Amino acid sequence: MNIFKKIYCRSFQTVFKIALPFLPYRKPKIVSALSDIPSVLNKKKKSCPIIITDPGIAKLGILSMLTDVFDNAGIEYHVYDKTVANPTTDTVEEALAIYKDNKCDCIIGFGGGSSMDCAKAVGVRIARPKTHLSKLGGILKVHAKLPLLVAIPTTAGTGSETTLAAVIVDATTRHKYAINDFPLIPRYAVLDPKVTLTLPASITATTGMDALTHAVEAYIGNSTTPGTRKDALMATELIFNNLDRAYTNGSDTTARKNMLKAAYYAGCAFTKSYVGYIHAIAHSLGGEYNVPHGLANAVILPMVLESYGESIYTKLHDLAIAAGVADKDMSDESASKIFIQAIKDMKSRFNIGDTISEIKEEDIPKLAGYADKEANPLYPVPVLMDAKTLEQFYYKLMNDNTLKNEV
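Per this note's numbering, the sequence shown starts with residue 3, numbered consecutively.
Don't read these hints as lab results, they were simulated from the structure. Please read these numbers as outputs of a predicted model, since none were measured by experiment. All clues given are correct.
Result set (BS3-like, lysine-lysine): computed pairs, CA atoms no more than 30 Å apart in a straight line:
#1 K7 / K375
#2 K368 / K390
#3 K362 / K346
Computed beta-carbon distance windows for the label pairs:
#4 K102 / E335: 51 to 59 Å
#5 D103 / K132: 18 to 26 Å
#6 G63 / K143: 33 to 41 Å
#7 V86 / P40: 27 to 35 Å
#8 D107 / M332: 54 to 62 Å
#9 K196 / G140: 33 to 41 Å
#10 V385 / R189: 32 to 40 Å
#11 T316 / D103: 54 to 62 Å
#12 P131 / G63: 28 to 36 Å
#13 D107 / H134: 22 to 30 Å
#14 Y27 / K132: 22 to 30 Å
A virtual CB, placed ideally from N, CA and C, is assigned to each residue, including glycine.
Generate the whole structure from the sequences, applying the supplied hints.
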């Protein structure tokens, strides 16, 4: 990256860091069980929610856990269950039509990050009906109050129940972009482990590592606060203590509950302190090839951490202590390498590989351009990289070893 762009990026990030204490960040109120939702709606004088979810949730029977609560409480509701992984502008418009046609008055995102992102985007379309979503991509462009938004995560990883972001794919161009503004933070987050008990082991693993990526990127960035550092360390500790348990025994309610807490804390951390190039690369792969976000993050995480080198040794040492894989007496370098190896070992236990087979060499400049545009200047990464530098990671992620470049 040339010196002028570096100066611009760091100046931009410094301004945001100074402004952090004065911005209207808030944490959603936690609701511990689905059965408590009717009282929340009654308190807010809402009577007709739209439930935005995906076909998998409906197929697994998880949706009935929520609809039964509403049926028993006599609450009218309407369901949109066609959200796709990496939700598109088309899915948002379909859900919006149901909301309008049935005169709904609040929104419930029920599922993984895709369902919650779709729910947030529907709220944005209601709040800003005359503006296309693509015009609202970036930061602080919504400037309008959304309908009451309740987020119910059925995976423990995305942290979308805590964040001010909705990540959407343009159905025409396949460009993936984030809408970031404070009104998108859900008012309530329902952390009920019962809805995660039937989650397949593979999704438990990738979403759990998604949460780990949130915690790590938030902690190693340059715009942390005492609160975000505390949240990131707590999330890391919970993940290392509970993810393997949830993976091997999906009915372990305690592990499931702790993973929901980990995802929540990690979400709170990166909402304020942002993520980095791992997410930027993963988003580009999700937009272009529909690669599941958690899987992409899991594959990419150790690769990018290694590329940052000694710039993050001290912070990785802190994370290694929280994870229980290192102690204070170790050198920063040794502890950081142990932490990265622990992530690699975790990937191996979860049968997560090191490549993304969908990547096409001819797409790499475009993908790197997307990642560059997303990350710079917003993400306060430890080491700045431009699109040309980021290309190296896509080559490393390809299956064809002859196409890999050295990082």
